[in-house]
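According to our numbering, the residues represented by the sequence shown are 1 to 115, in order.
Hints are computed from structural coordinates only; laboratory data are not their basis. Hints should not be assumed to be uniformly reliable.
Keeping only pairs whose Cα atoms sit at most 16 Å apart, straight-line, the calculated EDC-like set for lysine to aspartate or glutamate is [to be verified]:
1) Lys-100 / Glu-44
2) Lys-100 / Asp-86
3) Lys-72 / Glu-44
4) Lys-72 / Glu-104
5) Lys-6 / Glu-28
6) Lys-100 / Glu-69
7) Lys-6 / Glu-27
Ranges between beta-carbon positions, derived for each pair [claimed, not checked]:
8) Val-85 / Ala-32: 41 to 47 Å
9) Leu-10 / Arg-94: 24 to 30 Å
10) Pro-40 / Ala-8: 15 to 21 Å
11) Phe-109 / Gly-42: 49 to 55 Å
12) Thr-67 / Gln-16: 22 to 28 Å
13) Asp-113 / Gly-42: 51 to 57 Å
14) Asp-113 / Tyr-61: 16 to 22 Å
15) Ala-8 / Pro-41: 17 to 23 Å
16) Val-96 / Pro-40: 40 to 46 Å
17) Pro-41 / Asp-113: 27 to 33 Å
18) Arg-29 / His-88: 50 to 56 Å
Each residue gets a CB set at the ideal place from its N, CA and C atoms; glycine is no exception.
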Amino acid sequence: METILKHAGLVLCNSQTTARSFEIFAEERGRAVPPIAVLPPGVEHSFSMASRAGPRTGRPYFVMVGTIEPRKNHAMILQLWRALVDRHGKDAPRLVIAGKRGWENAQVFATLDLL
């Protein structure tokens, strides 16, 4: 952060909250705040093509969004969902996983391929 304050001609932040935190950091140190631009993360084009009608069912659902990789622990979610389905059958909420396949997650990919 000190290096950014010393050298930056423009600071790009991903949210207003991040920008404000950076401003506070600079102000607490008595440093001039360089110009800041807020650029929210982009959204893939495929999301803008989705229907705006909302869910197509009245059944509850849970959405997990992000690349499918070990650090996000999809294996645990799949185990939990299997237990929910065992306990509640058709009344269990649906699980929706939206994301590209990442790395070193063969067991999770194999489970998803069976569904």
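Going through the hints against the structure:
1. Lys-100 / Glu-44: Given that 16 Å is the threshold and the Cα spacing comes to 12 Å, the pair holds.
2. Lys-100 / Asp-86: Since the Cα atoms of Lys-100 and Asp-86 sit roughly 27 Å apart, the hinted pair is violated (cutoff 16 Å).
3. Lys-72 / Glu-44: Distance of about 20 Å is beyond 16 Å: violated.
4. Lys-72 / Glu-104: holds (12 Å)
5. Lys-6 / Glu-28: Answer holds: Lys-6 to Glu-28 is near 15 Å, not above 16 Å.
6. Lys-100 / Glu-69: holds (9 Å)
7. Lys-6 / Glu-27: holds (13 Å)
8. Val-85 / Ala-32: 41 to 47 Å: At roughly 57 Å between Cβ atoms, Ala-32 and Val-85 fall outside 41 to 47 Å, so the hint is violated.
9. Leu-10 / Arg-94: 24 to 30 Å: violated (44 Å)
10. Pro-40 / Ala-8: 15 to 21 Å: Given a distance of about 19 Å, which is inside 15 to 21 Å, the answer is holds.
11. Phe-109 / Gly-42: 49 to 55 Å: violated (26 Å)
12. Thr-67 / Gln-16: 22 to 28 Å: Since the Cβ atoms of Thr-67 and Gln-16 sit about 26 Å apart, the hinted range of 22 to 28 Å holds.
13. Asp-113 / Gly-42: 51 to 57 Å: violated (29 Å)
14. Asp-113 / Tyr-61: 16 to 22 Å: holds (21 Å)
15. Ala-8 / Pro-41: 17 to 23 Å: holds (20 Å)
16. Val-96 / Pro-40: 40 to 46 Å: Once the Cβ atoms are compared, 23 Å apart, the range 40 to 46 Å for Pro-40 and Val-96 is violated.
17. Pro-41 / Asp-113: 27 to 33 Å: holds (29 Å)
18. Arg-29 / His-88: 50 to 56 Å: holds (54 Å)
Hints 2, 3, 8, 9, 11, 13, 16 from the list above are not met by this structure, while the remaining hints are.
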